[in-house]
Amino acid sequence: MLSKKELKRYDRQIMIPGFGAAGQEKLKKAKVFIAGVGGLGSPVALYLAAAGIGTLRIADHDTIELSNLNRQVLYREKDIGEEKAASAAAKLKKLNPQIKIETISETISEANVAKLVGDSDMIVDAMDNLPTRYLLNRTAIQKNIPFFHGAVYGFEGRAMTVIPGKSACLNCLYHGVIVPEEKTPVIGVTPAVIGCIQATEVIKYILGMGELLTGRLLNYDGLRMKFTEFSIKKDPGCAICGKAPGR
Amino acid sequence: MSVAIEFSSIFAKYTNNQMDIKAEGKTVGECLHDLARQYPEFGEIILDKNRDLLPSFDIFVNGEDTYPHTMTYQVKDGDKINIVLIVHGG
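Those sequence lines, one after another, are chains A and B.
Counting from 0, one number per residue, gives the positions in the first sequence under numbering that gives the first Met the number 0.
Counting from 0, one number per residue, gives the positions in the second sequence under numbering that gives the first Met the number 0.
To be clear, the hints were calculated from the coordinates, so they are not data collected in a lab.
Mixed in with the good hints, there may be bad ones.
[As the list claims (entries may be wrong)] The calculated DSSO-like cross-link candidates involving lysine-lysine, where the alpha carbons are at most 27 angstroms apart (straight line), are: (1) B:Lys79 to A:Lys182; (2) B:Lys12 to A:Lys225; (3) B:Lys79 to A:Lys233.
Let the sequences and hints guide you as you build the complete structure.
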C-alpha cells in the first residue's frame, strides 16, 4: 500500500497511462542489483531511486578518484578517497529516503557473485570490464533473472536486455570474447544516455510495459547522434544460456 | 557487388574523415579486404596478419549478425555492412 506521501511524490509517473498506483507498488516491491556505481551506475542508481524502486543493492569495490568526476555524477570533489558504494548510498538516500539501499564494497568474483546478487530480482550490468560482465550474465541465467547490459566508449554506447530462456544473452552477443583492459576514453554524457536506457528497461520490465530491448543490440553514436539496432539471435549452442531454465 | 560500410565515428581518422564508404565484394571478407585496400590503416585496425577479422569486432549485414561465418557471409548489391567494436567501458 502506498502512503499519501508516496502517492504525491510519484504522482507524475503514476498518471502515465498503464502505470497507475499498481505500477508504483510493483516498483516499491522490486529489488535491483546494480553492479558498479561509476559512469553507468550513477545515472542508473539515481533514476531508479527517483522512480521509487524499493531496494537498490549497489556493488562497487572502488574508491572515488578525481578522474571519475567527469562522468560519475553521484560524486563530488569532497568525496575523493571515499568508497563509492557508501558515498553513492548517502546521495541516493538524500534523494529518496523512503527506499532501501544495500551496499557492497567487495570485488565481484566467481566465488562470491551468487551471494552478492542474493535475492535481487534483476541485475544491472554497469561494470567496466568484460570478464565480470560475463560472470554477471551467467549468474543472471543461473538465477533466471533479467540482465540489463550497457557499455560505453568515447561518444558511443551499447545496450541490450537479457531475459533468460527467452532472448540472447551477453555470451550469444560477444561469444566470450575478451578485449584488452585499457583505460577507456569517455565523455560523461555517453554513460548518461546509456545508463538512462538501462534504467528505462528496468522500469519497463518491472511494470510489464512496452517492448524490451531483447534480441536487439542498441548502438548509440553520439558524434553522429544516431541510434542503430542490430538483431541478436539466441544461440542454441550457447555455453551459458543454451541450457537455461525455462527453455 | 557494391555495399555500404558503416562504422564507428572513432575510426573516421583512418578514412580521412570519410563516413560514407563503399566496398566491392561477394562476401563480407572480400568487402573488408577491399576496405583495407582503400584505407590500409583501417585495415590494420580490423584485420589480423592472416587478413581475418580481429575478435574485438562484430560485423552485421543489414542489421543481422554474421557470426560465426562472418568472412564468408554472402552480400548482395546495396547491402549495408556495420563494423561494430566490442566495448567494455562503464
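Now for the hints, and whether the structure bears them out:
no., hint, result
1, B:Lys79 to A:Lys182, "violated (31 angstroms)"
2, B:Lys12 to A:Lys225, "holds (19 angstroms)"
3, B:Lys79 to A:Lys233, "holds (22 angstroms)"
The structure fails to meet hint 1 from the earlier list, while all remaining hints are met.
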